[in-house]
Every structure is written in C-alpha cells, then in structure tokens.
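Letter by letter, the chains look like this.
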Amino acid sequence: AQSVTQLDSHVSVSEGTPVLLRCNYSSSYSPSLFWYVQHPNKGLQLLLKYTSAATLVKGINGFEAEFKKSETSFHLTKPSAHMSDAAEYFCVVSPWGGQNFVFGPGTRLSVLP
Amino acid sequence: DGGITQSPKYLFRKEGQNVTLSCEQNLNHDAMYWYRQDPGQGLRLIYYSQIVNDFQKGDIAEGYSVSREKKESFPLTVTSAQKNPTAFYLCASSIMVDEQFFGPGTRLTVL
Chain A
1 AQSVTQLDSH
11 VSVSEGTPVL
21 LRCNYSSSYS
31 PSLFWYVQHP
41 NKGLQLLLKY
51 TSAATLVKGI
61 NGFEAEFKKS
71 ETSFHLTKPS
81 AHMSDAAEYF
91 CVVSPWGGQN
101 FVFGPGTRLS
111 VLP
Chain B
1 DGGITQSPKY
11 LFRKEGQNVT
21 LSCEQNLNHD
31 AMYWYRQDPG
41 QGLRLIYYSQ
51 IVNDFQKGDI
61 AEGYSVSREK
71 KESFPLTVTS
81 AQKNPTAFYL
91 CASSIMVDEQ
101 FFGPGTRLTV
111 L
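Top line first, the protein sequences correspond to chains A and B. Just so you know, the numbering used here puts 61 at position 61 of the first sequence, and the rest follows in order with no gaps. Just so you know, the numbering used here puts 12 at position 12 of the second sequence, and the rest follows in order with no gaps.
Hints are computed from structural coordinates only; laboratory data are not their basis. Don't be surprised by glycine CBs; every beta carbon is placed ideally from N, CA and C. Hints are not guaranteed to be accurate.
To spell it out: a stretch of chain B is covered by chain A in this simulated footprint if at least three of its residues, at any positions, have a beta carbon under 8 Å from a beta carbon of chain A; those stretches are [claimed, not checked]:
hint: 1; segment: 14-21
hint: 2; segment: 98-111
If you want the footprint, here are the derived chain A segments under chain B, 3+ residues with CB under 8 Å [said to hold, decoys possible]:
hint: 3; segment: 35-48
hint: 4; segment: 101-112
Go ahead and model the full structure; you've got the sequences and the hints to work with.
Written as structure tokens, this is what we have:
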C-alpha cells in the first residue's frame with residue numbers, strides 16, 4: 001500500500017529566504033512522485049514530477065525536489081521565497097504504471113514580508 | 001485552449017436534494033477523477049473512470065454517483081444519501097500513467 005506523510009502542516013518563512021517542505025512516502029512499487037500547489041479556492045497545479053529519470057527534479061517557479069530512495073523522501077525546496085508562493089502544497093505518490101494518486105495532507109506555506 | 005472546466009463555481013443545496021456537478025475536458029484524456037476536499041485536509045477520491053462507460057468507486061463513494069457516457073464528460077451527482085456534502089469538489093483527468101490535471105473546483109454548500 002502507498003502512503004504519504006508531510007511532516008509539517010504549516011511552514012512560515014520570510015520573503016527571500018529558502019523554502020523546505022518535507023515529504024516522506026511508502027510504496028510497494030517504484031513510485032511516481034509529484035508536488036502540486038493550490039492557491040485558495042483554486043484547483044491544483046503541478047509543480048514538478050519524478051518518474052524514475054533524474055533524481056533531482058526541477059519544476060516551475062524555481063522549485064525543485066530530490067528523490068532519495070534510501071530515505072523514502074521527496075522534499076520540495078526553493079532558494080528564495082516570494083510572496084506569491086504562499087499557498088497549500090501537496091505531495092502525491094502513485095504506483096509505477098498506475099494512475100491512482102495518494103495525496104498527503106498538505107503543507108500550508110506562509111511568506112512574511 | 002485545452003483544459004478542464006467545472007461548473008458551477010458555487011452551488012447551494014437544500015437538504016434532501018440531489019445536485020449534479022459538471023466536469024468537462026478537451027485534453028483527450030482517457031481517465032477522469034472526482035475528489036472531495038475538506039478544510040485543512042488532503043484530497044479524497046470519490047470515483048474514477050479509465051474509459052467511457054466504465055467507472056470505479058474510490059475511497060468515499062457512498063452518497064455519490066457518476067456517469068461516463070462521453071470521453072469529455074464525467075458528471076458527479078451528490079445524492080440526498082450523502083450526509084455531509086458541504087465541501088470543495090475537484091475534478092481531474094490524466095493520460096493513463098501520467099500526472100493528473102485539475103479543474104478549478106466547485107464549492108458545494110448545504111443550506
């Protein structure tokens with residue numbers, strides 16, 4: 001069975017400082033992993049995805065994530081936070097070859113001026 | 001413009017009424033999904049469909065029904081049997097083994 005843990009329900013950073021949103025997963029297969037962002041009352045937008053190619057994945061808006069199999073982690077980072085990054089972030093795992101997504105509970109990112 | 005549309009954006013329902021939420025996609029995706037999102041929680045899968053005229057229950061299907069008569073459309077009916085329907089509903093679609101694309105959502109409120 002697959003599961004996703006997002007270690008922080010809320011992260012607060014100052015504008016211009018680094019962002020780290022943590023995600024750990026469990027999967028019986030070689031998973032695909034995704035990060036999505038959701039702004040208030042909006043749908044989800046894909047930030048980046050890992051599908052067994054390069055372990056360091058670059059996404060949109062300066063975000064990147066590193067797949068570490070030994071640690072079963074897929075943490076999301078950004079070198080410098082912007083006010084527009086304030087949103088809810090979801091880590092998602094999907095078993096290889098399937099499309100059934102398992103969502104983490106989400107991390108709310110606040111960016112302080 | 002390719003994408004997923006959901007309508008209406010806001011929906012109000014009286015207790016005991018059935019309501020239908022629309023989801024349409026022009027991405028030519030085979031698979032479509034319905035999720036429910038409650039405040040401060042992740043998404044929970046209601047139903048999904050991998051092909052026309054076929055659909056499967058997700059984790060919380062009780063009180064909901066769907067149909068998939070056309071590839072582009074996957075409407076969700078919230079029936080009176082759903083005891084706590086107030087939530088944000090998200091529709092998504094995908095190619096079979098790739099990321100899911102999400103619509104803008106419908107907020108349903110029971111009066």
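message = Please verify the coverage claim for the segment 35-48 of chain A: does it have three or more residues whose C-beta sits within 8 Å of some C-beta in chain B?
response = It holds: at least three residues are needed, and the segment 35-48 of chain A offers 7 whose Cβ sits within less than 8 Å of chain B.
Three-residue Cβ test at 8 Å for the coverage of the segment 98-111 of chain B by chain A = n = 9 at 8 Å, threshold three: holds.
message = Using C-beta distances, would you say chain B covers the segment 101-112 of chain A, given that this needs three or more residues below 8 Å?
response = holds (count 5)
inquiry  = Can you confirm whether chain A covers the segment 14-21 of chain B, using C-beta to C-beta distances below 8 Å and requiring at least three such residues?
reply    = violated (count 0)
Consistency with the previously given hints fails for number 1 only.
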